[in-house]
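Undergrad: Read off the chains here:
There are 2 protein chains.
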Amino acid sequence: MKYYPEPILKLINSLSKLPGIGKKTAERLALHILYAPNHEAATLAADIIELKNSIRLCSVCFALTDQDKCRICTDPSRDQTLICVVENPTDMAAIEKANAFLGTYHILGGVLSPIDGIGPDDIRIHELLKRAGSKKTKEIVIATKTNVEGEATASYIIEKLKQTKINITRIASGIPMGGDLQYIDQLTMQKAMEKRYGV
Amino acid sequence: MKYYPEPILKLINSLSKLPGIGKKTAERLALHILYAPNHEAATLAADIIELKNSIRLCSVCFALTDQDKCRICTDPSRDQTLICVVENPTDMAAIEKANAFLGTYHILGGVLSPIDGIGPDDIRIHELLKRAGSKKTKEIVIATKTNVEGEATASYIIEKLKQTKINITRIASGIPMGGDLQYIDQLTMQKAMEKRYGV
Chain A
217 MKYYPEPILK
227 LINSLSKLPG
237 IGKKTAERLA
247 LHILYAPNHE
257 AATLAADIIE
267 LKNSIRLCSV
277 CFALTDQDKC
287 RICTDPSRDQ
297 TLICVVENPT
307 DMAAIEKANA
317 FLGTYHILGG
327 VLSPIDGIGP
337 DDIRIHELLK
347 RAGSKKTKEI
357 VIATKTNVEG
367 EATASYIIEK
377 LKQTKINITR
387 IASGIPMGGD
397 LQYIDQLTMQ
407 KAMEKRYGV
Chain B
217 MKYYPEPILK
227 LINSLSKLPG
237 IGKKTAERLA
247 LHILYAPNHE
257 AATLAADIIE
267 LKNSIRLCSV
277 CFALTDQDKC
287 RICTDPSRDQ
297 TLICVVENPT
307 DMAAIEKANA
317 FLGTYHILGG
327 VLSPIDGIGP
337 DDIRIHELLK
347 RAGSKKTKEI
357 VIATKTNVEG
367 EATASYIIEK
377 LKQTKINITR
387 IASGIPMGGD
397 LQYIDQLTMQ
407 KAMEKRYGV
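Chain order of the listed sequences is A and B.
Residues in the first sequence are numbered from 217 upward in steps of one, following the numbering used here.
Residues in the second sequence are numbered from 217 upward in steps of one, following the numbering used here.
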């Protein structure tokens, strides 16, 4: 790449640290930025800086926000008595995208994983129990992933909340809508059969 | 996307203006930047700004550079009597990558294209003729693309340089190395046959 002047090489190098961006794509992006109008490049740079400076975690649910409390925690149309527990903001975004949930969230910031040394004190389980302790919480939906760590984390939370009068639920597992039975793995099929419901 | 706070949405929007970056990829990149170390994001932003401020065109060959003359025009090991004419810096980079050329370049900054209103005065043909006029130039390799506009531009330059004593050459066309004859288009095959050489 030595045929490019230093500032281009530096940008190519910085861009290629982004996920899914290899040297070739980084080169194309850098040249695009070079030829783009000045204000477009300036906006991109400013947006990166602003993002890093202004984003923090909601003081209630730990979602990403640029305020003290996030948009969902301050939205009067959302059911504040219903809390959906997710691993991270990306999972929360996936649920929000589907427009399938009108309560609030609790972002754990990880899952229990003894092999990586992550215990209950390393993710926001205490904060969840504290929220559960306030009288207004009526239902907690646990939407951690359906892999080993996600299931273990769900079990741990269920165990901890068993004493309370809160209704504890787990997001359903089964055949994806439009999914072909032929291509479903055995575990999912077992779960789908086990959790079959009357119609 | 309304589930993300404003600063994230703004960065997603800026990133999705880059070529080949859709909304989904932009979202992934923005979240990566959010979680990346501060200095990494700051470096990326600074590199974008520096690129726009420091890159200019070489005063001799019009390649991208951050100096008055580019690295190649000031390199004593490069043959300054040999000039390769290319359409743009990307084509120059492609030739440099192959390590196939040890002369200097002349970047036209486009091709003749009457349909788009681009004539000889709109690309750097005068500058090339001026360089050709200096006594030291011995050979000019024309490496414009092998499409209609590239060929027309090559013909125009050849016509203009016919009077000089400079050796004018055109980059060869033919079967790509390792290319399967079965998949070669007719025009390339005709050219490859026409330009066949004794071995």
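Any given hint could turn out to be false.
The list treats identical chains as interchangeable, and a pair is accepted whether it falls inside one copy or across any two copies.
Stated by the list, open to error - Here are the simulated lysine-lysine pairs, DSS-like style, with alpha carbons at most 27 angstroms apart:
#1 LYS376 - LYS352
#2 LYS240 - LYS381
#3 LYS240 - LYS285
#4 LYS226 - LYS285
#5 LYS361 - LYS240
#6 LYS233 - LYS378
#7 LYS233 - LYS352
#8 LYS313 - LYS376
#9 LYS354 - LYS285
#10 LYS233 - LYS354
Everything labelled a hint here was simulated from the structure, so no lab data went into it.
Undergrad: Tell me, in ascending order, the numbers of any earlier hints that this structure violates.
TA: Result: hints 2, 6, 7, 8, 10 break, sorted rising.
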